[in-house]
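All chains, full assembly: derive it from the sequences and hints.
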Amino acid sequence: MLRSDHILATVEMIQKENLDVRAVTMGINLLDCRGGDVSETCRRVEEKIGTAAARFVATCERISRKYGIPVVNKRISVTPIAFVGAGFDRHGFVELALALDRAATAAGVDILGGFSAQVEKGMTATDREYIASIPEALARTTKLCASINIASSQKGINMDALALIGQTVKDLAEITREQNGFGAAKFVVFCNQPGDNPFMAGAIHGLEEADLVLNVGVSGPGVIARALDRLINTKGRENLGLDDIAEEIKQTTFRVTRCGELIGRKVSEELGIEFGVVDLSLAPTPTVGDSVGEILEILGVDVVGAPGSTAILAMLNDAVKKGGIFASKAVGGLSGAFIPVMEDEVLAAAVGSGALCLEKLEAMTCVCSVGLDMIPIPGSVDASTISAIIADEMALGMINNKTTAVRLIPVPGKEAGEVVSFGGLFGASPIMPVRNVGKSSRFIAWGGRMPAPIHSFKN
Amino acid sequence: MGKQMVMSVMSKDRPGIVSDITGVIYQLQGDLADLNQSVLCDYFTMILIATFEDSVTPEDVVAAFSHIPSETRLEVVVKEMKIPMAIAKAKRSPETYILTAQGKNKSGLVHQISLFCYQHGINILDLATTLSGDQYTMILQLDFSAVESVDDIRSSLTSCAENAGLTVVLQHEDIFKATSEITLF
Numbered sequence: 002m003l004r005s006d007h008i009l010a011t012v013e014m015i016q017k018e019n020l021d022v023r024a025v026t027m028g029i030n031l032l033d034c035r036g037g038d039v040s041e042t043c044r045r046v047e048e049k050i051g052t053a054a055a056r057f058v059a060t061c062e063r064i065s066r067k068y069g070i071p072v073v074n075k076r077i078s079v080t081p082i083a084f085v086g087a088g089f090d091r092h093g094f095v096e097l098a099l100a101l102d103r104a105a106t107a108a109g110v111d112i113l114g115g116f117s118a119q120v121e122k123g124m125t126a127t128d129r130e131y132i133a134s135i136p137e138a139l140a141r142t143t144k145l146c147a148s149i150n151i152a153s154s155q156k157g158i159n160m161d162a163l164a165l166i167g168q169t170v171k172d173l174a175e176i177t178r179e180q181n182g183f184g185a186a187k188f189v190v191f192c193n194q195p196g197d198n199p200f201m202a203g204a205i206h207g208l209e210e211a212d213l214v215l216n217v218g219v220s221g222p223g224v225i226a227r228a229l230d231r232l233i234n235t236k237g238r239e240n241l242g243l244d245d246i247a248e249e250i251k252q253t254t255f256r257v258t259r260c261g262e263l264i265g266r267k268v269s270e271e272l273g274i275e276f277g278v279v280d281l282s283l284a285p286t287p288t289v290g291d292s293v294g295e296i297l298e299i300l301g302v303d304v305v306g307a308p309g310s311t312a313i314l315a316m317l318n319d320a321v322k323k324g325g326i327f328a329s330k331a332v333g334g335l336s337g338a339f340i341p342v343m344e345d346e347v348l349a350a351a352v353g354s355g356a357l358c359l360e361k362l363e364a365m366t367c368v369c370s371v372g373l374d375m376i377p378i379p380g381s382v383d384a385s386t387i388s389a390i391i392a393d394e395m396a397l398g399m400i401n402n403k404t405t406a407v408r409l410i411p412v413p414g415k416e417a418g419e420v421v422s423f424g425g426l427f428g429a430s431p432i433m434p435v436r437n438v439g440k441s442s443r444f445i446a447w448g449g450r451m452p453a454p455i456h457s458f459k460n
Numbered sequence: 016m017g018k019q020m021v022m023s024v025m026s027k028d029r030p031g032i033v034s035d036i037t038g039v040i041y042q043l044q045g046d047l048a049d050l051n052q053s054v055l056c057d058y059f060t061m062i063l064i065a066t067f068e069d070s071v072t073p074e075d076v077v078a079a080f081s082h083i084p085s086e087t088r089l090e091v092v093v094k095e096m097k098i099p100m101a102i103a104k105a106k107r108s109p110e111t112y113i114l115t116a117q118g119k120n121k122s123g124l125v126h127q128i129s130l131f132c133y134q135h136g137i138n139i140l141d142l143a144t145t146l147s148g149d150q151y152t153m154i155l156q157l158d159f160s161a162v163e164s165v166d167d168i169r170s171s172l173t174s175c176a177e178n179a180g181l182t183v184v185l186q187h188e189d190i191f192k193a194t195s196e197i198t199l200f
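Protein chains in written order, with the numbering used here: chain H, 2 to 460; chain D, 16 to 200.
You can take every hint at face value.
In the EDC-like style, the derived pairs of lysine to aspartate or glutamate whose C-alpha atoms are separated by at most 20 Å in a straight line are:
(1) H:Lys67 <-> D:Asp166
(2) H:Lys17 <-> D:Glu177
(3) D:Lys119 <-> H:Glu13
(4) H:Lys251 <-> D:Glu196
(5) H:Lys67 <-> D:Asp158
(6) H:Lys67 <-> D:Glu110
(7) H:Lys267 <-> D:Asp189
(8) D:Lys192 <-> H:Glu13
(9) D:Lys192 <-> H:Asp6
(10) H:Lys267 <-> D:Glu196
(11) H:Lys67 <-> H:Glu270
(12) H:Lys323 <-> D:Glu196
(13) H:Lys67 <-> D:Asp189
(14) H:Lys322 <-> H:Glu249
(15) H:Lys267 <-> D:Asp166
(16) H:Lys267 <-> D:Glu110
(17) H:Lys330 <-> D:Asp189
(18) D:Lys97 <-> D:Glu68
(19) H:Lys67 <-> D:Glu163
The hints are simulated quantities; they were obtained by calculation from the structure and are not laboratory data.
The structure is reproduced here in structure tokens:
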């Protein structure tokens with residue numbers, strides 16, 4: 002029997018705190034779509050996605066209405082495309098990108114991820130062609146997201162790929178100059194990229210996955226912020242310790258995760274496809290009141306970036322995992338708090354006021370997922386410096402056995418402090434200054450591989 | 016098979032009253048199947064279903080209950096169920112929704128919501144209300160198995176509630192199970 006106070010607590014969460022399921026992502030294996038040539042492969046890719054996702058969006062919407070919980074994004078992730086297009090040249094990969102974009106539009110999904118490659122140890126000729134295709138592929142498509150895994154704790158960092166990627170990010174921004182370099186917002190570089198992450202831009206359908214799978218990304222920074230506000234107002238700040246705060250985050254995350262798991266399982270039941278994982282990430286949106294930065298401020302720093310920010314984020318990330326992991330049968334993906342600058346209005350404001358700098362963000366990414374995310378930097382920053390920023394973040398992931406990622410947007414023709422806005426879920430922020438520009442090119446020029454750390458040798 | 020009876024008991028609450036009532040059924044060799052009890056402002060009420068030997072009549076049960084001491088007279092109604100129910104099979108509809116309605120207290124609120132349910136073919140399975148200060152809260156468990164479109168119900172419910180000055184939230188019961196119970200699937 003449900004108790005009245007439990008019912009009212011849940012009602013509060015749904016009604017006042019805008020509980021939603023952030024993303025339901027259908028993973029589709031495309032390895033069996035390879036045809037004799039590019040156009041045959043494109044046709045098969047479109048056909049497979051069309052068949053697999055025919056009822057996907059309508060089913061999500063029906064379940065969402067039945068349970069009264071919005072599913073904000075319906076997405077598709079596919080097998081990293083460099084495997085599907087093995088042997089293709091850059092033009093072939095652009096054709097594949099266009100086919101994926103058409104398939105995503107036909108399926109009615111918000112976005113499609115998996116225009117990706119895994120090059121953490123070495124690059125094939127195909128991988129190089131794929132990398133060369135990225136700027137044009139993302140400039141000519143609207144729903145496509147790309148990602149590349151260039152490092153892992155097992156294999157180290159592919160420094161040749163790293164050097165190429167710094168230039169790719171610059172080229173992406175330049176080719177989409179009219180949109181303030183928006184192309185770079187659809188491309189993310191990973192260390193230890195998971196194959197079951199439902200969040201974009203880094204969602205892929207890993208090679209280890211089944212033919213079709215459904216992964217769910219729950220969210221709810223807003224829900225956690227309101228729960229903490231309520232706890233502090235009811236009990237009084239002086240009567241609470243950080244352990245009480247952590248407990249409240251755990252319990253709230255439990256409830257949020259259960260809702261996500263319920264919706265995900267119902268959608269997968271109706272579609273008759275396997276349910277994969279719930280990703281426990283706290284993913285902010287530019288909406289006021291849906292911010293990870295706000296939680297840090299509630300917990301005691303007057304502005305994000307002040308000393309203490311990293312410690313609070315560590316506790317938040319841990320409490321979210323503890324609450325969520327018991328709520329779900331299978332947890333995976335990225336599972337942690339995101340700090341994407343443009344998508345979080347409190348973080349963006351902290352950048353604007355000068356309180357939050359790149360180095361502090363880097364420190365914060367040591368204790369949370371995922372990394373330096375959605376950060377607009379001056380368009381004048383050179384490719385080697387971008388590669389070097391990525392290298393630092395990759396090293397954090399490699400040494401700490403965690404996923405880290407970088408999504409930098411070098412905004413063409415703009416300098417630090419100017420505001421850039423992409424609208425919608427991509428948000429807005431003042432451009433973040435980058436210190437020590439142009440001082441890392443000798444390091445990036447080495448190329449080769451950074452060896453895997455000693456603790457990766459466990460056999 | 017025996018005789019299935021439904022019994023309703025109301026009295027001023029006191030320690031031992033459940034023991035006395037179930038003791039009567041035990042002495043009459045009745046087999047208790049299901050019961051539901053509640054206490055509101057010191058008054059106790061219980062509805063029970065039990066199966067007795069064919070020789071036991073509803074009058075026998077009422078007579079046995081009359082010996083139970085109570086500060087107020089024990090109000091008892093006993094009916095024989097002409098069509099006995101398999102208790103275990105009386106499962107809850109999978110389309111059970113929870114409606115919460117909150118607003119400033121005034122007379123007629125419960126009537127308005129229950130009338131709305133009746134007019135839309137919704138059966139009320141359970142209803143609990145509380146008054147805290149001048150805020151009135153209703154929590155209803157509703158059977159939506161006869162409802163064709165939850166969307167239509169939501170929109171007409173919202174306008175009905177606005178007229179009554181109530182804030183309503185209608186959610187599937189599964190959501191509350193998910194957020195409040197450990198075992199789910």
